[in-house]
Amino acid sequence: MSDLTELRLDPTLCDAHGFCVEILPELFTLDEWGYPLMNSGTLVTAVPADLVSAAKKAVAACPVAALRLHKHKR
Amino acid sequence: MDLRSLSVHEAHFGRLPVVDGPRIGKPGSLVHELEKSGLRGRGGGWFPTARKVHAVVESAAARRAWSAGRKPVVIANAMEGEPASSKDAILLRHNPHLVLDGVTALAATLGAEKAYIAIHRGSPIIDVVTRALADRNDPVTIELVTPPARYVSSEESALSHWIGDGVGTPVFGKRPFERGVNDRPTAVQNAETMAHIGLIARFGGEWFASVGEPTAPGTCLVSVSGVVNSPGVIEVAVGTPVSEIINRCNGFSGESSGFLTGGYGGAWVSQDSLMAAHWSPDSVAAAGGVIGAGILWALDARTCPLHEVARVAHWMAGESAGQCGPCRFGLPSLADDLDVIAGKHAQMSDVHRLNARLPLVQMRGGCKHPDGTARFIGTAMHVFQAEVAHHLRGHCCATTSGTALPIAGMRPSPVGFPGKDFK
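Chains as they are written, first to last, in the numbering used here: chain A, 1 to 74; chain B, 1001 to 1423.
Keep in mind the hints are simulated off the structure, nothing from the lab.
Ideal Cβ positions, reconstructed from N, Cα and C, are used throughout, including at glycine.
Please note that the accuracy of each hint is not assured.
Among the chain A residues that face chain B by a calculated CB cut under 10 Å, a handful are [unchecked claim]:
{"#": "1", "residue": "Asp10"}
{"#": "2", "residue": "Thr12"}
{"#": "3", "residue": "Leu13"}
{"#": "4", "residue": "Cys14"}
{"#": "5", "residue": "Asp15"}
{"#": "6", "residue": "Ala16"}
{"#": "7", "residue": "Asp31"}
{"#": "8", "residue": "Trp33"}
{"#": "9", "residue": "Tyr35"}
{"#": "10", "residue": "Pro36"}
{"#": "11", "residue": "Met38"}
Simulated crosslink set (DSBU-like; lysine-lysine; CA at most 30 Å straight-line) [what the hints assert, rightly or not]:
{"#": "12", "chain 1": "B", "residue 1": "Lys1114", "chain 2": "B", "residue 2": "Lys1052"}
{"#": "13", "chain 1": "A", "residue 1": "Lys71", "chain 2": "B", "residue 2": "Lys1174"}
{"#": "14", "chain 1": "B", "residue 1": "Lys1174", "chain 2": "A", "residue 2": "Lys57"}
{"#": "15", "chain 1": "B", "residue 1": "Lys1174", "chain 2": "A", "residue 2": "Lys73"}
{"#": "16", "chain 1": "A", "residue 1": "Lys56", "chain 2": "B", "residue 2": "Lys1368"}
One chain only, chain A, in its complex shape (with noise of 0.2 Å):
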């Protein structure tokens, strides 16, 4: 039993400062027009165990406050 951990973008807020894309590169990438691009091509992906501490960094990084981190019991 382990908690679900998610990372959701607020696509209105993102202003492709790309600190994410630097920061998890396992989880994003830069489209053409420099937007950070999920994996999951939406605006929520799955985080692994092992990028939690990562997908943090990133949430605290954003000078937008795009990125949000949410945990699910499961």
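Chain A is already provided as a structure; the job is to place chain B on it using the hints.
Just chain B now, with coordinates in the frame of chain A:
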């Protein structure tokens, strides 16, 4: 018969019965009739109306709002942002009181404190509705509001945002039924849906469900245009054969190269597929289309469909609120790709680039504007693939400009500061 007069309206339909108000956490009895009716929203999503209305009273956020004294808000959405739609304007022009009855009934069953009807700025029906409102004496006053005529300002979170804060841009992550106008639970229903509610309040859910399909009961309005002899708005039972809808518009006036269903956020369907379908959400979806806000456009075969699609794609790009990067930059890129494909020097690589970009604008926006535009473009590339092949060989089958798809006021894209002219 002039139904714009309240007395004529009441003589024809009967007076609107008094609708029970809510008990704590439960809507009044009208919602039970809405459940029995199976009514689904006619604004485009076809979401079950009763479920949406329940959510305004019963969701966790709604309960918190109630206990904090923030009573619900009701909005009739008559913005009609799709340029090829005219059903809400026609309905309000001829029958404003039926729509307003629906607002009154819904406001009563929810215990709403405020109610609005939203019509886009500059619309000719503002006068009709203003006069109709002056005749009425509703327990909850209905206020007419006129947000700017922008495509995405018709979206329900954008509408709640405009009424609350004066900015008509879509809002991400706050659903109106939980936190809408000024963080109050807000029931946004399309004008046609409101008219159906006005009738269900009088005649009940079983009466409403006596026509239409089990999964989508009742009648619906369809805006039919393009190469038909009598374009206009007609009312049909949900599930009417599309061929019969064309017959009711006195048949085709010329050859059509394909149908646009659901508008510029909708989908193209080949004529053969759609003419074999029925006008219900399931049947039209099985044919590859979408009813959306009830739009059916038979494209004139004399025009170049790729040119038409490119023109509309540029317009849709200019209608972006500019809040999300993939929409702000992606839609103009797609429109530019279409310009090249619609031109004389199209290459296969241009088609590949467009197809690779389409998924980049989907599922990544704060609202569904980019998704709808991508569907409009993607289905066009499929339905008009023979024309794409022509263009790749340097030909175009267009003979004249024909009847063009309607576009209101072209704006440059990408837009400037996000949301700058949405006030």
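Taking the hints in turn, this is what the structure says about them:
Taking 10 Å as the C-beta cut-off, the interface hint given for aspartate 10 (chain A) holds, the closest approach to chain B being about 5 Å. Taking 10 Å as the C-beta contact cut-off toward chain B, the hint placing threonine 12 (chain A) at the interface holds, the least distance being around 4 Å. Interface hint at leucine 13 (chain A): satisfied, since its Cβ lies 8 Å from the closest Cβ of chain B, which is below the 10 Å cut-off. A hinted interface residue such as cysteine 14 (chain A) counts as satisfied when its beta carbon comes closer than 10 Å to some beta carbon of chain B; here the least separation is about 6 Å, so the hint holds.
The criterion of a C-beta within 10 Å of any C-beta in chain B is met by aspartate 15 (chain A), whose closest approach is roughly 8 Å, and the hint holds. Hint status for alanine 16 (chain A) relative to chain B: holds, with the closest Cβ pair at about 6 Å, below 10 Å. Among the interface hints, the one on aspartate 31 (chain A) holds; its C-beta lies about 6 Å from the nearest C-beta in chain B, closer than the 10 Å criterion. Here the hint on tryptophan 33 (chain A) is kept, as its CB sits about 4 Å from the closest CB of chain B, short of 10 Å.
Hint status for tyrosine 35 (chain A) relative to chain B: holds, with the closest Cβ pair at about 4 Å, below 10 Å. Interface hint status for proline 36 (chain A): upheld, as the beta-carbon distance to the closest one in chain B is roughly 9 Å, under 10 Å. Taking 10 Å as the C-beta contact cut-off toward chain B, the hint placing methionine 38 (chain A) at the interface holds, the least distance being around 8 Å. Pair hint lysine 1114 (chain B) plus lysine 1052 (chain B) holds up; C-alpha atoms about 18 Å apart against a cutoff of 30 Å.
Between lysine 71 (chain A) and lysine 1174 (chain B), the direct Cα distance comes to roughly 19 Å. Compliance with the 30 Å bound is thereby established for this hinted pair. As the CA atoms of lysine 1174 (chain B) and lysine 57 (chain A) are separated by approximately 26 Å, the hinted pair is consistent with the 30 Å bound. About 23 Å separates the Cα atoms of lysine 1174 (chain B) and lysine 73 (chain A), which keeps this hinted pair within 30 Å; it holds. Annotation: proposed proximity of lysine 56 (chain A) to lysine 1368 (chain B) holds, straight-line Cα distance about 29 Å (limit 30 Å).
Comparing the model with each numbered hint stated earlier shows that all of them hold.
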